[in-house]
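Chemist: Chain by chain, the residues:
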Amino acid sequence: MTSVQLSPARLYLVALLGVILSGCASQPKWPANYEATTVTEVPFHPQEQYQCGPASLAMMLNAQDVTATPDELVGKVYLPERKGALQVEMVAAARQYGMLVYPLEPKLNAVLQELKAGNPVLVLQNLRFDWWPQWHFAVAIGYDSQKEALILHSGTEKNYHLPASAFMATWDRSERWARVILPPDQIPATAEPLAFLMAAHDLETTQQSDAAKSAYKAAAKAWPNQPAALLGLGNLAYQQNQWAEAEKYYRTMTERFPDISAGWNNLAEALSRQGKNEESSAMLNKAQKAKEGSKQPGNG
Amino acid sequence: MHAIRSYTQSISAIMALVMVLSSMWAIPASANIVGTGELLTEQRADIDREALMGMLEREDVKTTLARMGVGEQEVRDRIQSLTPSELADFKQQLAEAPTGEGVVGIIVLFLLVFIITDMLCATDIFPFINCIR
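Chains as they are written, first to last, in this note's numbering: chain A, 1 to 300; chain B, 1 to 133.
Worth flagging that the hints you see were computed from the coordinates, not collected in a lab. Keep in mind the model is a prediction, meaning the values are calculated, not measured. Virtual Cβ for every residue (Gly too), placed ideally from N, Cα, C. Worth double-checking, as some hints may not be accurate.
What the hints assert, rightly or not - Calculated cross-link-like contacts (lysine-lysine; reagent style DSS-like; alpha-carbon spacing at most 25 Å):
1) K107(A) with K91(B)
2) K291(A) with K276(A)
3) K91(B) with K29(A)
4) K248(A) with K116(A)
5) K107(A) with K83(A)
6) K83(A) with K29(A)
Claimed, not checked - Every beta carbon over 10 Å from chain A, so not counted as near; a handful from chain B, in silico:
7) Y7
8) S10
9) M15
10) G37
11) E38
12) Q43
13) R44
14) R58
15) E72
16) E74
17) S85
Unchecked claim - With beta-carbon atoms standing in for the labels, derived distance ranges:
18) P84(B) with G293(A): 16 to 26 Å
19) D46(B) with Q96(A): 49 to 59 Å
20) R67(B) with N225(A): 51 to 61 Å
21) D210(A) with I14(B): 43 to 53 Å
22) G293(A) with R76(B): 14 to 24 Å
23) K107(A) with E86(B): 16 to 26 Å
24) D210(A) with Q92(B): 30 to 40 Å
25) R67(B) with A282(A): 15 to 25 Å
26) L56(B) with F44(A): 42 to 52 Å
27) K107(A) with S81(B): 26 to 36 Å
28) A16(B) with Y50(A): 56 to 66 Å
29) R67(B) with F44(A): 20 to 30 Å
30) R67(B) with K158(A): 52 to 62 Å
Assemble the whole structure, with the sequences as input and the hints as a guide.
Modeler: Right, here's the structure in full:
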């Protein structure tokens, strides 16, 4: 048996590689295309003790002309025991105001692109260490490319300039959590069709039917090749017992996406609710056919 | 012993009844509408699957897999049978990798973990793999 000899030189190389590779992850580089300085007008609320969550959320909502004060949000998102707010509650509270919450890709570019489009970004930072965290919500409102800095409403600081390197260090430790909060008929600058539709679906499942409807409508318009937008519109109508309306959307869906069985299936349901049983069973057949078609090997 | 046996008959009758009733219960549920979320999950999985397939086109991935004696068609079949949650898991791992580094390793490792645990009979994801034991 031959033993592997680790020469000192090799060990150093390994150590050096370790340093370089771990450095890669957090070494920020100011991306191209973000040359100018941009700041969006966002009303500022300084945080009370520990209450960065309610203050940040109020600023995000105010930026979209929703009247909300940190005080009224405290009851919705602030946990006195933890001296803080949880991400899920921040998101859920924003939805209660009929807003669509879109999760950004964990990239600096995504944040900058939204800021460039004039959309403030809610970010979560960890200001201390992984093993002794201090979570902090802040609102990114712009950037200064010359200083390579982000401009934040953070804590008690208005228009706080934070160098991108420091931002990345604190943002990395929160697994780069960032959200855009917009009225549901507005599509974020970095939005991907499926991710946006999932955010719209979150509105559907949290009983924000009107908001979900306008989000699905916006998606159907922006991405005509997305079947889920039509299905969502149909399902919303169906849940509100508007069978004819549901039928209309499902029908459009089957015309445009005949290979997707969900459209045929739901169309059949909407028809049977209106007592059109014969047509309904014909549609169920088509649903079955579409299902079999998509199960063929090598397809999909 | 005899007493137990006499019970089993009535218990099994009750169990059978429960089974029949519960399967009848399931019929109206399956004939209901398909939720928007279900379609979205399916579509997301399709996209992830395609992305993973696309990665197999990379020369470095191909050679690494070939060196390990894994055929390309086999890998394609494996990807085809991954569940949405497994695919999401894979994407998560890929996203956490430093840019440009170790992508090959992650792809190969991800696929091999499933294949090897399958061979050791720890999991049974790929029905065409016969386990060693």
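Chemist: Does each hint hold? Answer for all of them.
Modeler: Now the hints, each set against the structure:
| no. | hint | verdict |
| --- | --- | --- |
| 1 | K107(A) with K91(B) | 15 Å, holds |
| 2 | K291(A) with K276(A) | 23 Å, holds |
| 3 | K91(B) with K29(A) | 24 Å, holds |
| 4 | K248(A) with K116(A) | 38 Å, violated |
| 5 | K107(A) with K83(A) | 28 Å, violated |
| 6 | K83(A) with K29(A) | 34 Å, violated |
| 7 | Y7 | 44 Å, holds |
| 8 | S10 | 40 Å, holds |
| 9 | M15 | 32 Å, holds |
| 10 | G37 | 5 Å, violated |
| 11 | E38 | 7 Å, violated |
| 12 | Q43 | 6 Å, violated |
| 13 | R44 | 6 Å, violated |
| 14 | R58 | 20 Å, holds |
| 15 | E72 | 14 Å, holds |
| 16 | E74 | 14 Å, holds |
| 17 | S85 | 15 Å, holds |
| 18 | P84(B) with G293(A): 16 to 26 Å | 20 Å, holds |
| 19 | D46(B) with Q96(A): 49 to 59 Å | 33 Å, violated |
| 20 | R67(B) with N225(A): 51 to 61 Å | 40 Å, violated |
| 21 | D210(A) with I14(B): 43 to 53 Å | 48 Å, holds |
| 22 | G293(A) with R76(B): 14 to 24 Å | 20 Å, holds |
| 23 | K107(A) with E86(B): 16 to 26 Å | 24 Å, holds |
| 24 | D210(A) with Q92(B): 30 to 40 Å | 33 Å, holds |
| 25 | R67(B) with A282(A): 15 to 25 Å | 54 Å, violated |
| 26 | L56(B) with F44(A): 42 to 52 Å | 51 Å, holds |
| 27 | K107(A) with S81(B): 26 to 36 Å | 31 Å, holds |
| 28 | A16(B) with Y50(A): 56 to 66 Å | 59 Å, holds |
| 29 | R67(B) with F44(A): 20 to 30 Å | 59 Å, violated |
| 30 | R67(B) with K158(A): 52 to 62 Å | 58 Å, holds |
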